[in-house]
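Protein chains in written order, with the working numbering: chain X, 1 to 354; chain V, 1001 to 1392.
Be a bit skeptical, because a hint or two may be false.
What the hints assert, rightly or not - Below, a list of computed lysine-lysine pairs in the BS3-like style, where the Cα atoms sit at most 25 Å apart: (1) X:LYS153 with V:LYS1289; (2) V:LYS1249 with V:LYS1283; (3) V:LYS1002 with X:LYS288; (4) X:LYS22 with V:LYS1359; (5) X:LYS123 with V:LYS1142; (6) V:LYS1262 with V:LYS1249; (7) V:LYS1002 with X:LYS153; (8) X:LYS153 with V:LYS1174.
If you are wondering where the hints come from, they were derived from the structure by calculation, not from laboratory data.
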Amino acid sequence: MLLFMSITTTAILFVPGIIVQKTGQSAWLVTLFSSPAGIITLLIIMKLGQRFPRTSLPTYSEIILGKVIGKFFCVAYALFFFTANTLIIRECSEFLTYSLSSGTSMIVLNSAIVVVAGFGAFKGIEVIARANQFVLPLFIISFVCLFGLALFKADYERLLPLWETGIQPILLNSVAPASFFGEIVILLMLLPVVNKPREAWSKGLWTIFTATAFLTICALMIITVIGPNLSGHLLFPLWNLAKSLEYGNYIQRIEGFIFFFWLTGIMIKTTLFYYLTCFMSAQIFGFKSYHPIICYLAPLQVASATFLVSNTIQFQNILGKYWPPFGLFFEIVLPLFLLLVAVIRKKGVGGSIR
Amino acid sequence: MKRKIMQFCLLILLLSTFFISGCKKEVEDLAVATMFGGDYVNVNGVDQFQVWMRIMRPSDTGKQDSQQKDGTSSEYLISATSTSMMEIISRLMIRLPKTPFYGHTYVHVYGARNAQENFPTQIGVSMNNADARGGAFLLVTKGLASRIIQLQPSGTTTLAQQIKNQSERIAIDKGVACGITMNEFSEWLLSPDRDALLPEIEPISSVEGETVPDSVIVQGFGVFREARLVGWLDKEEALGYLLIARKLKDVHIAIPFTINNKSLGYYLTGSKSKINFTITNGKPSFKIKIQTVGLIPETGGLDITPDQIKPLEKLISDKIREYPLKSIAKAKEYDSDFFGLMQKIHRYDPSFWQEIASKWRDTFRQADVEVEVEAKIVGSGVVSKSFNSLSE
């Protein structure tokens, strides 16, 4: 459930606009091509988890790579989670600025998000997971309502001609959503605390399939209701879609309903990434508790989310161009490197992933 | 102790809500715009944008209630003129005592000159507004939008509500136009394979024959070519467009026709169309098949027998066929493919589209378009025998 929320909540903000701009009406195929990234990441994590059962990343990275390189490796991951969380917070505040809180200063929004996320992180992973258990069904119901209402306004001919731009742009642009699927890499830290690790593989796969279906339906609805030409010109096409669904005087302004659960979902994701950054930092530096780190990181997190990116155009460029290869490096390349070194150096125990 | 501190903080937080004024005050602080009018005018020899807005009056002032009893509108007008749209927005804002809110602006009316010369700029600015709604209706008028926006509503609380009703329901129900939303129009404008159109709105007198306009009528279309208004479709051409491009359901469109100098009326209640095309020697030919269903409530004294149905259907089909043919002729005259015929080719024969993409307008001009209408009579209403026998 947490993985589904992590992949979907932010992938539906900026990414649809970016991919529709490049691939037009074939954009819905892009998510299908990007989901294997999640499966590869999951497979690598499961192999590592099977070699080092009930052991967290900071511990087994030191076993595999040695104490010094292992520490550097984990610091890199802590920075990765920190950077990812910075982008999530910024995405959330950018979306808030353009949707319902246009007059509010970015620093106020970021501070509010970090305070709430910090509180959640303080309470720990179980509270985050329980909160997600409550929020996820509501999030799904709200989007099922959105898609259900959009069905009546969909013009399926807008999906034609299929493959007009050829396979190359679709493959190239599948990198951006692939980095969101790769966020399943958080399992590196979560797997040791999962109650039933044997079910992690099947549930992880199930998450990737449902997230793929969800994102594909999102892209399909955007293209068929708004149109491929206009969607490519919009910053948040899904928000425009939610705003444009009106049926007489009875069903109007459903975006408020969607917005509430959407925002709650993003908050769960931010909280999770905040928790992972703090928890990992505590493990690296050998702190007894990660709680003090939450307070130290909060101003840093607010400052980075507010000042690292100066405007929306730059931010959209980062999400579309620079973040995907950077993200995939941490989501696929580094875990694969860790696994290969573990296999070569014969570290950990062998066996099936199931 | 820690728990008590937390509880205390929570209590303080809850108590602080007493000092928050809440949403109501914020809503009252908003100047809610219901309608937008955009013109392009010449002021002192300089071409400038002119924007008009209808703003809702707050309903809680006692003075306003008495004004409304006197027949005064529940809205007021503001306008500004400048060469830059951004400058206009700031001029409008400084005229308002409150923060403008465009989330209720459901109607945008544009003057003909504006639509001819500067439309992408206006639409771009409107779409860029975070409050703007993609479902807002756009309309175009032959004169100035200011003529429309200054009229008082008749039968509804606001003029925007009246125009929205006319665009959304009445115009299509009577087969004279249909509502086009901001999203739909923007998608057409940005499409590389088709042109756009917008419903036409004009001031009119409620009483036929009167010259002073006191209401509005949504009838006909303004035709665009490459984001510029190039011409107009009248009532009949508009019906032709609707029959080809829209699926009509539960409509009440009267189509008069004559047999033996007797006036009859076909009451069209529904229609659907199918566009097929073939490519012969690099030239496309379109075949449009329209199927309609309807009643004959006005028989001109004729009592229709079962064996008369088929010939009548043939007669009605021929009559209905005139509308799409007129509409197609206009499309060719304006060199504007507002039916989306070339879009069909793009969607269903992309390889041929690649060949003609750079010169698709030439291909459209040369394309043969054939129309076939199949009208069906499903009844004559609830009166089974004509009343005209009484006068005879």
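| Proposed proximity, LYS1174 (chain V) with LYS153 (chain X) (alpha carbon, max 25 Å) | holds, 22 Å
| query | Taking only the CA atoms, is the gap from LYS1262 (chain V) to LYS1249 (chain V) under or equal to 25 Å? | reply | Roughly 29 Å between the alpha carbons, so the hint for LYS1262 (chain V) and LYS1249 (chain V) is violated.
| query | Are the Cα positions of LYS1249 (chain V) and LYS1283 (chain V) separated by 25 Å at most? | reply | violated, 34 Å
| request: Below or equal to 25 Å on CA atoms is what counts here, so check LYS123 (chain X) against LYS1142 (chain V). | output: Status violated; Cα separation ~65 Å.
| query | Is LYS1002 (chain V) within 25 Å of LYS153 (chain X), Cα to Cα? | reply | The hint is violated at about 54 Å.
| Does the alpha-carbon distance linking LYS22 (chain X) and LYS1359 (chain V) stay inside the 25 Å limit? | Distance ~24 Å between LYS22 (chain X) and LYS1359 (chain V) Cα, so the pair holds.
| field | Restraint status (C-alpha distance of LYS153 (chain X) to LYS1289 (chain V) at most 25 Å) | value | Since the Cα atoms of LYS153 (chain X) and LYS1289 (chain V) sit roughly 24 Å apart, the hinted pair holds (cutoff 25 Å).
| field | Given pair status - LYS288 (chain X), LYS1002 (chain V), alpha carbons within 25 Å | value | holds, 20 Å
Hint compliance for this structure: hints 2, 5, 6, 7 are not met, and every other hint is.
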